[in-house]
Amino acid sequence: MSLAPALAFALAGALGGLLWWRRRDPARPTRPAAAPATDLAEAVFEQASQPLLIVQGNRVARANAAARAALGAHVVGQDPRVGLRHPEAIRLLDAAADGSVDAPGLLGGRTQWQLTRRTLAEGCWLVELSDRTAEADVSRAHTDFVANASHELRTPLAAIIGYAETLADAGPALDEATARRFTAIIGREAQRMLTLVDDLMTLSHVEAEKHERPGEMLDLGQLAARVVAEVSSLRGKERVTLEPPTGGLVVAGDAGQLEQALRNLIDNALKYGAPDQPVTVSASPAGGRVVLAVRDRGPGIAPEHLPHLTRRFYRTDPGRSRASGGTGLGLAIVKHIVERHGGELEIASTLGDGTRVSLTLPAAAA
Amino acid sequence: MAQEHTVKAFDNDIASLRGLVAEMGGLAELSLSEAMEALVKGNQQLAEAVIARDKRIDAIEAEVDQLAVRIIALRAPVADDLREVIAALKIAGVVERIGDYAKNIAKSTDKIEERKRFEPLALIPAMAELAGSMVHDVLTAYAARDPVLARAVVERDARVDAFYNSLFRSLVSHMMESPATISTAAQLLFVARNIERIGDHATNVAEMVYFAATGDYLTDRDERV
Numbered sequence: 001m002s003l004a005p006a007l008a009f010a011l012a013g014a015l016g017g018l019l020w021w022r023r024r025d026p027a028r029p030t031r032p033a034a035a036p037a038t039d040l041a042e043a044v045f046e047q048a049s050q051p052l053l054i055v056q057g058n059r060v061a062r063a064n065a066a067a068r069a070a071l072g073a074h075v076v077g078q079d080p081r082v083g084l085r086h087p088e089a090i091r092l093l094d095a096a097a098d099g100s101v102d103a104p105g106l107l108g109g110r111t112q113w114q115l116t117r118r119t120l121a122e123g124c125w126l127v128e129l130s131d132r133t134a135e136a137d138v139s140r141a142h143t144d145f146v147a148n149a150s151h152e153l154r155t156p157l158a159a160i161i162g163y164a165e166t167l168a169d170a171g172p173a174l175d176e177a178t179a180r181r182f183t184a185i186i187g188r189e190a191q192r193m194l195t196l197v198d199d200l201m202t203l204s205h206v207e208a209e210k211h212e213r214p215g216e217m218l219d220l221g222q223l224a225a226r227v228v229a230e231v232s233s234l235r236g237k238e239r240v241t242l243e244p245p246t247g248g249l250v251v252a253g254d255a256g257q258l259e260q261a262l263r264n265l266i267d268n269a270l271k272y273g274a275p276d277q278p279v280t281v282s283a284s285p286a287g288g289r290v291v292l293a294v295r296d297r298g299p300g301i302a303p304e305h306l307p308h309l310t311r312r313f314y315r316t317d318p319g320r321s322r323a324s325g326g327t328g329l330g331l332a333i334v335k336h337i338v339e340r341h342g343g344e345l346e347i348a349s350t351l352g353d354g355t356r357v358s359l360t361l362p363a364a365a366a
Numbered sequence: 367m368a369q370e371h372t373v374k375a376f377d378n379d380i381a382s383l384r385g386l387v388a389e390m391g392g393l394a395e396l397s398l399s400e401a402m403e404a405l406v407k408g409n410q411q412l413a414e415a416v417i418a419r420d421k422r423i424d425a426i427e428a429e430v431d432q433l434a435v436r437i438i439a440l441r442a443p444v445a446d447d448l449r450e451v452i453a454a455l456k457i458a459g460v461v462e463r464i465g466d467y468a469k470n471i472a473k474s475t476d477k478i479e480e481r482k483r484f485e486p487l488a489l490i491p492a493m494a495e496l497a498g499s500m501v502h503d504v505l506t507a508y509a510a511r512d513p514v515l516a517r518a519v520v521e522r523d524a525r526v527d528a529f530y531n532s533l534f535r536s537l538v539s540h541m542m543e544s545p546a547t548i549s550t551a552a553q554l555l556f557v558a559r560n561i562e563r564i565g566d567h568a569t570n571v572a573e574m575v576y577f578a579a580t581g582d583y584l585t586d587r588d589e590r591v
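The listed protein sequences derive, respectively, from chains A and B. Last residue of the first sequence? That's 366 in the working numbering, and every number before it is there in order. Last residue of the second sequence? That's 591 in the working numbering, and every number before it is there in order.
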């Protein structure tokens, strides 16, 4: 044991000597001398990931690679207004002092850029472009979410208020059958609101914990068997079946959340699959990972919808989904749960055949 | 310019002429997108900002005119330089019209009723986005002197026209179904028409860009109505 460090030391010494010798050998080309600082600065400018322009007088003197990619190589040598042309950008160029402006749509469509001008020398500016499109998207998604959630809550509420007012106004004049029907609607709509609020709360819980990896050891086969047994004992849901799970299905997870994810997937399969076809749940190992899948036979989902399915409140067919009591949050919850578990959610669907949704989670080290 | 002129001032003149045209284009582009936002959201303040911006566009057009005339008078440009100056002059005129259409759209903002319930209002932004992308790309083609991009813009105009036709049908059927919406639907018909014209004008600019860059006319395409 004590020999090893000594040996390593000797080896390093020999290598060092060899390198020294090679450097000294006049026959070999020596390593190029360190590049002058200006060349390095040049390379930094050229290779910076942020688009940069150097404006001198009323011409773009230089544009780095990123700027040429974003704006086009033609900007170099032209009036900066030709390349940038956004009114805010022009305001920045015309301004007396340095500063920065936001230029929505600078590169077309919904892009969002921020431009910053810094004076390098008299009559010579550096113009920096930063892409803020992603940030703008996030904040738009947030606003959209609040607007959608309020809308979804308002719809059942409007029905409840409407029917309750009718009941109160008509009073005894209303025949009993109608009154009972109205009360039933109120009950159903209130239930829908409750489901929605529950889903919203689940979503926010899962999101709040998303950076804590769950530590409980559990067997997905047993979990699937338990959920399927519970669900298929309910009337009208007998067609949910379980493929007998194999062994080695232990993962580190949160039992409550994974159960919820599986329930959501089974619910979807029951709702959107053909009513007379089985819904099959399976759990199987796949090379260091465990796959939990729910398969239905039915109309399937059109490919253009697939990328959006996990978006909150996204619906392929709004009328049908709401009529079946969906909140539009089911798959969003599943996606967040899977992400928290470090797994992947995959949705594969063939029109006219059916849909298979699978969760792939890393298996726990044995 | 491809090669430098012996008279440096001439290069500077051409550069600022192009700069002015691009600046106008940028203003018109922003006006179109803001006019649509104002229209859809009923933002009267934004609509007024768009209407006010049109004066600035007009002022720059006048500047382009003066500068172009001065270049022709003082420097007597020939060949590609002359094409460049003529194209700038003509493009400025067309961009000014695009600005006018954007202003017209902004002016419709306060004439739309029942904004939330009126479904075709959700379709028009998609059409405006398409026309807006044509304007954006044609201005980029102008900046880059890129005849290929210019030709691509021309080809996109058919899609705007198709959009216009389907919107027209949908608005007319809306009018028939609920006469209460006729005034709003008619306003939107004008808006759609304005957007359709913007698409046509973007096509005109594309033709000029193509001409300025290559010296040839962009031919072999069907006549638009």
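Derived from the structure by calculation, the hints contain no laboratory data. Every residue, glycine too, gets a C-beta built ideally from N, C-alpha and C. Do not take every clue at face value.
[Unchecked claim] Okay, the calculated beta carbon distance ranges per label pair:
hint, chain 1, residue 1, chain 2, residue 2, range
1, A, 316, B, 415, 55 to 63 Å
2, A, 120, B, 448, 50 to 58 Å
3, A, 132, B, 414, 52 to 60 Å
4, A, 146, B, 438, 38 to 46 Å
5, B, 543, A, 362, 53 to 61 Å
6, A, 138, B, 481, 25 to 33 Å
7, B, 414, A, 146, 24 to 32 Å
8, B, 546, A, 234, 31 to 39 Å
[To be verified] Over the 12 Å line for every Cβ pair with chain B, so calculated as not near, a few chain A residues:
hint, residue
9, 35
10, 74
11, 79
12, 88
13, 90
14, 94
15, 120
16, 160
17, 222
18, 230
19, 231
20, 250
21, 280
22, 313
We went through each hint and held it up to the structure:
Range check, residue 316 of chain A to residue 415 of chain B: Cβ separation about 39 Å, and the 55 to 63 Å hint is violated. For the hinted restraint 50 to 58 Å between residue 120 of chain A and residue 448 of chain B, the CB-CB distance of approximately 37 Å leaves it violated. Restraint check, residue 132 of chain A to residue 414 of chain B: a C-beta distance of roughly 27 Å breaks the suggested window 52 to 60 Å. The given range of 38 to 46 Å is broken by residue 146 of chain A and residue 438 of chain B, whose C-beta atoms sit roughly 58 Å from each other.
Remark: the range hint 53 to 61 Å for residue 543 of chain B to residue 362 of chain A is upheld by a beta-carbon distance near 56 Å. Judged by the Cβ atoms, the range 25 to 33 Å given for residue 138 of chain A and residue 481 of chain B holds: they are separated by roughly 27 Å. In this structure the supplied range 24 to 32 Å holds for residue 414 of chain B paired with residue 146 of chain A, their Cβ-Cβ distance being about 28 Å. Roughly 48 Å separates the CB atoms of residue 546 of chain B and residue 234 of chain A, a value that falls outside the hinted 31 to 39 Å.
With a closest Cβ-Cβ approach of about 31 Å to chain B, residue 35 of chain A is found to remain outside the 12 Å limit, as its non-interface label requires. Residue-level check failed: residue 74 of chain A sits 4 Å from the nearest beta carbon of chain B, not beyond 12 Å. The Cβ of residue 79 of chain A sits about 3 Å from the closest Cβ of chain B, inside the 12 Å cut-off, so the non-interface label is violated. Residue placement check: residue 88 of chain A does not keep its beta carbon more than 12 Å from all beta carbons of chain B (closest about 8 Å).
With a cut of 12 Å on Cβ distances, residue 90 of chain A falls inside the contact zone with chain B, its closest approach being about 6 Å. Once the 12 Å rule is applied to beta carbons, residue 94 of chain A is inconsistent with being away from chain B; the minimum gap is 10 Å. For residue 120 of chain A, the requirement that its beta carbon stay farther than 12 Å from each beta carbon of chain B is met, with the minimum near 21 Å. The Cβ of residue 160 of chain A sits about 21 Å from the closest Cβ of chain B, beyond the 12 Å cut-off, so the non-interface label holds.
With a closest Cβ-Cβ approach of about 49 Å to chain B, residue 222 of chain A is found to remain outside the 12 Å limit, as its non-interface label requires. For residue 230 of chain A, the non-interface assignment is confirmed: its Cβ lies about 43 Å from the closest Cβ of chain B, beyond the 12 Å cut-off. With a least CB separation of 39 Å from chain B, residue 231 of chain A remains clear of the 12 Å interface cut-off, as annotated. The Cβ of residue 250 of chain A sits about 50 Å from the closest Cβ of chain B, beyond the 12 Å cut-off, so the non-interface label holds.
Every beta carbon of chain B lies more than 12 Å from that of residue 280 of chain A, the smallest distance being close to 40 Å; the non-interface claim holds. Remark: the non-interface label on residue 313 of chain A is consistent with the geometry, its nearest Cβ contact in chain B lying 16 Å away (cut-off 12 Å).
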